[in-house]
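Student: Chains as they are written, first to last, in the numbering used here: chain R, 689 to 1033; chain A, 1031 to 1481.
Hints listed in this document are in silico derivations from the structure and should not be mistaken for laboratory results. Yeah, the Cβ is synthetic: ideal placement off N, Cα and C, and Gly gets one too. Mixed in with the good hints there might be a few duds.
Unchecked claim - Okay, the calculated bits of chain R under chain A, using three or more residues with CB under 8 Å as the criterion:
| id | segment |
| --- | --- |
| 1 | 693-702 |
| 2 | 713-724 |
| 3 | 733-744 |
| 4 | 924-932 |
Said to hold, decoys possible - With a straight-line cut-off of 25 Å between C-alpha atoms, the simulated DMTMM-like cross-links for lysine to aspartate or glutamate are:
| id | chain 1 | residue 1 | chain 2 | residue 2 |
| --- | --- | --- | --- | --- |
| 5 | R | Lys952 | R | Asp965 |
| 6 | R | Lys953 | R | Asp965 |
| 7 | R | Lys953 | A | Asp1325 |
| 8 | A | Lys1361 | R | Asp873 |
| 9 | A | Lys1361 | R | Asp965 |
| 10 | R | Lys953 | R | Asp727 |
| 11 | R | Lys953 | R | Glu1030 |
| 12 | A | Lys1361 | R | Asp766 |
| 13 | A | Lys1283 | A | Asp1347 |
| 14 | R | Lys952 | R | Glu1030 |
| 15 | A | Lys1283 | A | Asp1432 |
| 16 | A | Lys1283 | A | Glu1326 |
| 17 | R | Lys1032 | R | Asp722 |
| 18 | R | Lys952 | A | Asp1136 |
| 19 | A | Lys1283 | A | Asp1319 |
| 20 | A | Lys1361 | A | Asp1325 |
| 21 | A | Lys1361 | R | Glu1030 |
| 22 | A | Lys1361 | A | Asp1347 |
| 23 | R | Lys952 | R | Glu718 |
| 24 | A | Lys1361 | R | Asp854 |
| 25 | A | Lys1283 | A | Glu1095 |
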Amino acid sequence: MPMTEARRIMTLCNVCTYCNGYCEVFRAAERRRDFSDADLTYLANLCHNCRNCRHACQYAPPHVFAVNVPGTLALVRDQSYRDYSWPLPRRSAGRAAAAIAVLLIPILMSAIPWETVFSPHAGPGAFYEIVPRSAMMLAAVLSLGWSFLCLGVGLIRFWRDTGGGDASASVPGALRDILTLRNLDGGGAGCHDPDQPALRWRRCFHHAVFYGFALCFASTVAATFYHYVLGGLAPYPAISPPVLLGGAGGVAMVVGTAGLAWIKKNSDSVLDAERNDYSFLGLLFAVSVSGLALMIFRESAAMGILLLVHLGCVFGFLATLAHGKFVHGPFRAAAVLRAAMERKL
Amino acid sequence: MIVKPILEKYAIWNRARHVEWKEMAVVSANPGVLVIGGGLAALCAAISARQCQASVAMVEQAPRELRGGNTRHSRNFRICHDAPSPLFPDCYGEADFLADMVRASDNACDADLAQVLIDRSSAIPAWLEDNGATFQTANIPYSRKTAFFLGGGKALVNSLYATAETLGVDIRYETEVTNLRLDGRVDLVSGGETQTVRPRAVVACCGGYQANREWLRREWGDAAQSLINRGTVFAQGAVLRSLLDQGVAAVGKPGACHLVAVDARSPADDSGIVTRVDGMEFGVVVDRDGRRFVDETTISGPSRYSTWGQLVARRADQAAVMILDSIGIRKIRPSVIPPLQARSATELADILGMPASNLDCSMRESQRLVNAPFHAFPMRPGVSFTCHGVKVDSQARLVMTDGAVCENLFAAGMIMAPNVLGTGYLAGAAMTVGAVFGKIAGEGAARHAHD
């Protein structure tokens, strides 16, 4: 049903073409004469849902043609996440993650003596006095490995179904588009909603989450370097790369996820297929807030419980990556890569 | 009045706004400047008048969702420029522009107004950008003469409305003007309530009457029922009618329309650019009786749309059909309304209700219809705008039949475009007329309101 509607709409867009200055979706559509399901899946994942075309559309409801490109593509995109979800059906990964987090905490607590959890620990190795490093590593490797396997299978299928091909030459162009979110820039006009000035912030908030996440990842890499190369044990001093990177990344993620949730709350239901699904934002928010709290209170008696909560959130997040909203990242990156490839033809 | 049945078509919207009507019904009784209309000309008039410190009210007949007149359906406008810029390549000089106007209007353009239009056009893109508009500088076809609005006319209109609101223009939607009197009194209807306001100056930017079937019938007779209005349903021409009835001089020609061949199955109004039929040179075009009436390959270039519009309008029942074979259909973009299909000429004649012998003969004759299945696009004339308006002077003030000038009444946009375009068409010129004369009228009206 969304496919039929998307086909009707993109056929109309290809006759009109007024929106081709906004983003790659319309230019990619113009390279096609007819739209297969795979074409529409590709276009839907290429759409960053900036909504400029919705507000510029001379055929938007109440016009009888009732054209709503971002809303319709959002439904197709949602369908594609379900179609390429492997091996489990896509469902609210947020709930699953919460379940993991909630279960993990009492399991760990039952294995660890209470007085260990609730007494202050300080100095190098303090975290590992609560949860052994080997247990942390095992959980991280298992959850991340599982998610990468699932995502990889879905992504390879998606790439093959939408046309396959060797995209290596187009990686630099695609990388630039991804890192700058060029397609969320509305062709230079910015991504904004005439009735809701807040939407102009979407790109900023998304960047905050994206680069905040990257900083947290960099913090983990730096910590690994400290551990294995410099031989130091976590927690590291306040003025050290792992703490500074993680702190900055955590703050950016808190601001970004809160901002995106605020925009989502005010968004038009016809434009957002997952309007009421705050699970991914909520999870990222929980990961970053618990991480920051752990950093701030790491010398107090609350450190033990904060560590458990943070680890629960992190492992819940990592284990459910492939079955939640996170998949929009890799799938959109693949679509942006294909668009970069097509531009070269 | 007229607006009510139109609004009922948009029932969802109607319900939502109904509550607000009561409080919105009354426009400030004496605004300095009242702008009638909601398209590019009206917005330019309202913004420029407000920037000249006048108090400005703007009455738009359409609901907010459908605001913007036919600017909603536009894409680009024609601008005089002496050097290439990100907006357009090469140059488009004064003489070039003027020659195009003279040719398009078939020598009917007012030389003074044409000069004003051309001179003032060059500063318009920067002025619009200052007021929130964004132009498209990439992924556009080569166009030496026109600049493209990013996202098209509706995006342009949205940004200008936002600016007008910020500047403090009192914008009233769903407010219809039923009468504009020469002394400046204006009769309004809003939410079923009538009101008469007395602004110091009025700018009429409310277009032609292409949506008014009654009026078209007076000039086209029964043929009017075959016309499809490509633009806004709100182009009813009430203000134009009232001005002409009061002795304002007319320009253009009663009943003259810019026509384009559109799919006969298009909605009666407002389908804009997407139901335009193209690709006749790849197939054959026949009339109601299945007979060809022109060599399809001889009609080409950017003027082909209006040439076909005129040709279709002159056929019996104002009807014609474009037929493509399975190779021809691959040469055009898939249409918004899918074509009728048939395996043979006989089957097609049956579907179209035409004499099979005539259709068969027409299809053989052209030698372009070889491979079944055949695809048929029934066509009707689509009206883009009417070419009949009010005379203005170079300050956009209304001129009476006796040559007297109305100091307090101004007009801009399609309601006065025949002053410079006659009954002709020049791509992108209508938007330029709207912007240039809208700005001139707004400034003039503000000046008059201060005096």
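Student: Tell me, which hint numbers fail for this structure?
Tutor: Numbers 4, 7, 8, 9, 10, 11, 12, 14, 16, 18, 19, 22, 23, 24 and 25 - these are the hints that the structure violates, sorted from lowest upward.
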